[in-house]
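Spelled out, the chains give:
2 protein chains.
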Amino acid sequence: MWNCLIAQSGGPTSVINASLSGVIASAIDSPKIHTVYGAINGIQGVLKHQLINLTSIFANEKGKLETLKTTPAMFLGSCRYKLSNIQEDETEYNLIFDVFARHKIKYFFYIGGNDSMDTVLKLSRYAKTHHKDVQIVGIPKTIDNDLFGTDHTPGFGSAAKFVATTMLEISYDTYIYDLPSVTIVEIMGRNAGWLTASSALARNTYNASPDLIYLPEVPFSTYDFLNDLKCLQETKKNIIVAVSEGIKDKDGHYISATNNPCSDAFGHAKLSGTGKTLEHIVSKSLKCKVRSIELNVLQRSAMHIASLTDIDEACSVGNKAVQYALDGLSGIMVTIIRTNNDPYTIEVDYVPIEKVANKEKNIPKDWINDAHNDVTHDLLDYMSPLIHGEPQIDYKNGLPVYLDIQHLHSDCKS
Amino acid sequence: MWNCLIAQSGGPTSVINASLSGVIASAIDSPKIHTVYGAINGIQGVLKHQLINLTSIFANEKGKLETLKTTPAMFLGSCRYKLSNIQEDETEYNLIFDVFARHKIKYFFYIGGNDSMDTVLKLSRYAKTHHKDVQIVGIPKTIDNDLFGTDHTPGFGSAAKFVATTMLEISYDTYIYDLPSVTIVEIMGRNAGWLTASSALARNTYNASPDLIYLPEVPFSTYDFLNDLKCLQETKKNIIVAVSEGIKDKDGHYISATNNPCSDAFGHAKLSGTGKTLEHIVSKSLKCKVRSIELNVLQRSAMHIASLTDIDEACSVGNKAVQYALDGLSGIMVTIIRTNNDPYTIEVDYVPIEKVANKEKNIPKDWINDAHNDVTHDLLDYMSPLIHGEPQIDYKNGLPVYLDIQHLHSDCKS
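Just so you know, the sequences run in chain order A and S.
Heads up, the first sequence is in the numbering used here, so the first residue is 564 and it goes up one at a time.
Heads up, the second sequence is in the numbering used here, so the first residue is 564 and it goes up one at a time.
Everything labelled a hint here was simulated from the structure, so no lab data went into it.
You may find that some hints are simply not true.
Just so you know, same-sequence chains aren't split out, so a pair can sit in one copy or run between any two.
Said to hold, decoys possible - Derived pair list, reagent style BS3-like, types lysine-lysine, alpha-carbon separation capped at 25 angstroms:
(1) Lys852 to Lys611
(2) Lys850 to Lys611
(3) Lys850 to Lys799
(4) Lys847 to Lys625
(5) Lys645 to Lys852
(6) Lys695 to Lys918
(7) Lys800 to Lys645
(8) Lys695 to Lys667
(9) Lys645 to Lys850
(10) Lys799 to Lys611
(11) Lys695 to Lys625
(12) Lys611 to Lys800
All figures in this text were calculated on a predicted structure; none of them were measured in a lab.
Excised from the complex, chain A in its bound form (with noise of 0.2 angstroms):
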């Protein structure tokens, strides 16, 4: 009788807690698993040796494993850690497969980003090239959407539904005022625009708000942003600009207020400030009110407006990981099928792994207009299935009811 592993990785997502609760279910429910793991903080758990025993807190628990569908942010902790290269040294694979080993997993799965499904095709190859039994399955999921073989990936239409909402909210605090002005909204994206291009979305028949859009995917020209600006300020007097905190000028250089040095483990730059950036430059230039607004940690943790749509895939994409691992399938990632879109239909599936690690995907240029200041119609017929549904989510005197983390922060006082 064997037990499986989960793990979670890199940055949160409303829905990753759902695609834990879909991989617990169906594992639990399972006559082929004995027991649930969990790992603490990722991959680094593993090494640490950090495991919970999830089969012990949710099995008789039906209502604990659905409330943990609607918490946000990582049940089990996360981490940013990339594996070293096998060529150059196996003690970090041998310490896992020992860990492996010894609570006889045979099925690991990884819940992560691009950056996490590296490290399911390095643990994937390193068990076929060393013939160990254990099936490696990453599950997607990023507010980003930036992966491939995939139509989307859970947590983009949380975040999505959370950033149009917000941006339709923004519009009407903003046009309560008799005076010009324009508002900036700095929106999450380092190199795929797809979440600020999800503002669009809050247009309707009165709010055509955001009135200009600026995504990573092509050169932002400062000059060209303030003549967009000026035309626009001709018919419309208060103008609201969203704007990928990832955009960068033709010679590829962000356009950020902190030019920060600092950087993660796989590289990235960290970006903060572009908005603001952007405030002071059309201060300097513009006769009008100008504020910037970044919607920051709120775009992947603000659960409560979750999209139900979103909460339901990233569960059914949990379920059939487990599925496809009790097949015998290894180094693969799950994967999100569009069959319809007009009625909304999807098909879970997966792709080998190598089509999904350390690459991108960004907006297709054509889903972009001319002028590079706004999206097409088809990017929009494209997100807009992916926001609908509101959340299941009980309130007790008022907040929204999540699942204690409290083993995330034991240090923690109260």
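Place chain S on chain A using the hints.
What follows is chain S alone, placed relative to chain A:
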């Protein structure tokens, strides 16, 4: 047969339209009122003679009036406009009362904060001294909860619910990494810390955050702040700080990055960057990940997570305002009296406008702890009932359905 006029002023809240809806509903139902007019952009709209007929918009559209209740920001638009002193110049007043006379306005309702109550005070005094038969009634609103004479202000509960919910979700986002961190959350509040204090409502059996709370009511010391952090770091890994945008040092100077010279019509300095300032200070002094999050305008416009208690009270206050005006009362502001805390019950009442205008109600010192870095349970008990209940909002294509405000930006493209 007489008419009434309604206007909205100052910054938005999620429920100021609920008060508007309450006034419209009661006014339309009253046999003593023929037509309900609205002024666009507050008292400036009266001066510019920009009135719209609300009876024709809402009389036979009960559904529309319901949607107005849960529509963010201000349906009639706003202004920040200070009327001249009557002693110095009566021109504006003569103009305003000419507009009243021309439209047979016998009842004028002004929904706003303490600055707007200054307008109510001046207009009611002018009416009295010039024997104008116009009842001037103020209806309170502000997310700052800083109005005298009322237990709390409509708008505060919804902003507090957004802040507390967001704080809880940020804590989930913060706890996932196995690395020490300090997260600084900047919350609105120029001189009153009520909204910043409401972040403490996010605490529960497993979440102790916010771990530190700094309010404008007590002087802020950078030295003490860094000490507070260092002490806390000995027992806790991830620290979350809630800080008011308006904290000042012992000399009364704002701890704000942008010592912005511009100020609004009432001479209030524009604040922003308090969180960023503290982020830089902490980064230089402590070895850990530091970030700041500014909740920004979402605090006053996030209707999707508003408090039902707040919405209902805002509506009742609007209803009662009409009754008071019809009873011949003038120069008053409608108030909320808390008759019991558990179970929470209120009554709607009123106070003479002199007791409210141009005053600010701050948090009592005995509701702030001795270390000046947290709030007491008494304050939590006071705030807790105000955030109960979820708004009844329709969603279409994944987005909340709000009322069209096209009339506020008819110059809008599309």
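Against the structure, the hints:
1. Lys852 to Lys611: between (53 angstroms within a copy, 22 angstroms between copies)
2. Lys850 to Lys611: Between copies, since 23 angstroms is at most 25 angstroms while 57 angstroms is not.
3. Lys850 to Lys799: within (14 angstroms within a copy, 47 angstroms between copies)
4. Lys847 to Lys625: neither (58 angstroms within a copy, 47 angstroms between copies)
5. Lys645 to Lys852: between (45 angstroms within a copy, 19 angstroms between copies)
6. Lys695 to Lys918: within (22 angstroms within a copy, 79 angstroms between copies)
7. Lys800 to Lys645: between (49 angstroms within a copy, 23 angstroms between copies)
8. Lys695 to Lys667: Within one copy only: 12 angstroms inside a chain, 88 angstroms across chains, cut-off 25 angstroms.
9. Lys645 to Lys850: between (48 angstroms within a copy, 23 angstroms between copies)
10. Lys799 to Lys611: between (58 angstroms within a copy, 20 angstroms between copies)
11. Lys695 to Lys625: For lysine 695 and lysine 625, the Cα distance exceeds 25 angstroms both inside one copy (33 angstroms) and across copies (68 angstroms).
12. Lys611 to Lys800: between (57 angstroms within a copy, 18 angstroms between copies)
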